[in-house]
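Listed here are the chains, written in short residue letters.
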Amino acid sequence: MSIFESLLNTFETGSGFWNPIVWLVVILIVFLIIHILRGFGNKNYKVDTEQTKPFLSGNPEYSKEKMHIKGSNLYWGFTESLKWIFDNLNKMHTGNTSDYVLWFVIIISVLFLVVGLI
Amino acid sequence: MDLAVVTQAALITIIGAIGVTIFGIVFGLFYKGIDRKLSAHMQGRIGPPLKQPFLDVIKLFTKENIVPENAISWIFNLVPLIGLVTTISILLYLPIAGFDPLLYNKGDLILILYLLIIPSLSMVIGGFSSGSPYTTIGAQREMATMIAYEFPLAIIIISIAWKLSIDGVSNVFSLSSIIAAPIWSTVGPLGFIGFIILLLSLIIVTPAELSKIPFDSPEAETEIAGGILAEYSGRNLAMFYLTDGVKTIVMASLIVALFFPYNLSPLLGLESYFAFSIDIIFYLIKVFLVILFSVTLIRVAIARLKIDQIVYTYWVPLTLLSLVGLICIMWDQTIMTNFGLEPLFEMIGLI
Chain A
1 MSIFESLLNT
11 FETGSGFWNP
21 IVWLVVILIV
31 FLIIHILRGF
41 GNKNYKVDTE
51 QTKPFLSGNP
61 EYSKEKMHIK
71 GSNLYWGFTE
81 SLKWIFDNLN
91 KMHTGNTSDY
101 VLWFVIIISV
111 LFLVVGLI
Chain B
1 MDLAVVTQAA
11 LITIIGAIGV
21 TIFGIVFGLF
31 YKGIDRKLSA
41 HMQGRIGPPL
51 KQPFLDVIKL
61 FTKENIVPEN
71 AISWIFNLVP
81 LIGLVTTISI
91 LLYLPIAGFD
101 PLLYNKGDLI
111 LILYLLIIPS
121 LSMVIGGFSS
131 GSPYTTIGAQ
141 REMATMIAYE
151 FPLAIIIISI
161 AWKLSIDGVS
171 NVFSLSSIIA
181 APIWSTVGPL
191 GFIGFIILLL
201 SLIIVTPAEL
211 SKIPFDSPEA
221 ETEIAGGILA
231 EYSGRNLAMF
241 YLTDGVKTIV
251 MASLIVALFF
261 PYNLSPLLGL
271 ESYFAFSIDI
281 IFYLIKVFLV
291 ILFSVTLIRV
301 AIARLKIDQI
311 VYTYWVPLTL
321 LSLVGLICIM
331 WDQTIMTNFG
341 LEPLFEMIGL
351 I
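From first to last, the protein sequence lines stand for chains A and B.
Number 51 in this note's numbering belongs to position 51 of the first sequence; there are no gaps in the numbering.
Number 158 in this note's numbering belongs to position 158 of the second sequence; there are no gaps in the numbering.
FYI, nobody ran anything at the bench for these hints, they're computed from the structure.
Each residue gets a CB set at the ideal place from its N, CA and C atoms; glycine is no exception.
Do not take every clue at face value.
As the list claims (entries may be wrong) - Taking beta-carbon pairs under 7 Å as the criterion, some of the chain A residues facing chain B (in silico): (1) Gly16; (2) Phe17; (3) Trp18; (4) Asn19; (5) Val25; (6) Phe31; (7) Phe40; (8) Gly41; (9) Tyr45; (10) Pro54; (11) Ile69; (12) Ser72; (13) Leu74; (14) Ser81; (15) Trp84.
I would like the entire structure built from these sequences, with the hints used as guidance.
Spelled out as structure tokens, the structure:
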């Protein structure tokens, strides 16, 4: 089988399958069509004018450092809604080695029980 | 491999890609018009004409395409294109208008799930690359929303695939296998309830996939001035507008393929062109009904949720609901198979 033919083959994992080459061809064709369609649009704007300032509802723009949104805020909504879980997990992390060993023993014994029963 | 076969396959792919692009854009905008008209009527307004989305796109094409001074311009300009192109590519893997997917043996449901992430990711990248606090907050919210709805969505897809694998269907993630063995015909009463629950969950996942009210906090016009899209204008905004329309068709077609893959023509005993026409019309009606329930009704009836409420909705009640659906299908397999309907009716005193 030549390299060309093997590339045309569909990857199969036993339950899933896909062909990256065909997908790339499709993407390329659709990209061309959409690029041509987009070309009909107006591409001009007034560079270095008020127009290019970020929209801040009329508020002044502070320095980049002050306006920057930190990485710790990235998952805010996510951590906020699951706070009750994180708080409990935090409580478990006491930093005391004997507590961690106790958890280890508890979980191993539960696992043995489950494996033994099933 | 024969060169003629490869050439034929390439030609089908090229023509299919062109056809699907036109179909996706035209019907995406058309359904957007219907959605706007219907939601207006539900709120006691007259609403815009059906052609309004087409006029909107034309208007956006004539407007200036502003690139903010803080933006990373090449990413800012590229991501709207990537979002639209990927969304259109999904249509080639979905059964449309009663026909098998054009690339039915070239990609499966798992691929569709991954491709569905790319338009949302492109919006996130566009938001971060815009260099404005509003867009950054919008992008951050979109990321949290994505993590939220992927969990119940995965449970729904896995439940369907698991049921098909138990029934001995080969290639359980292949959409042509799924439409060949409609799920409703393979289950008992408990499994039927299970699939109803999964359908309900998927209908609630859809507005978040499409960033519609009540799950539109990444855009939230009244709060963060359009969020992710705050800095986008002109033809770039038109690309996102078209992506929204095409993605609506994609999600509706996915629900139709998974839950309502039936065609009218075999029932009416039709053949040839009559059969094609009836099936196309029937498919368009099914897509309309899915959009009506999963987009229009929900967005008119419910107010916008906060981002932490969105994450909670998907990770706790909806995930539990999907798991209940999965358990119903599993019990249907065990209880109904082992005992059957009659002993069950006897047990509850009906016989």
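Q | Enumerated hints in conflict with the structure, sorted upward | A | Checked against the structure, the hints that fail are numbers 12, 15, while the rest are satisfied.
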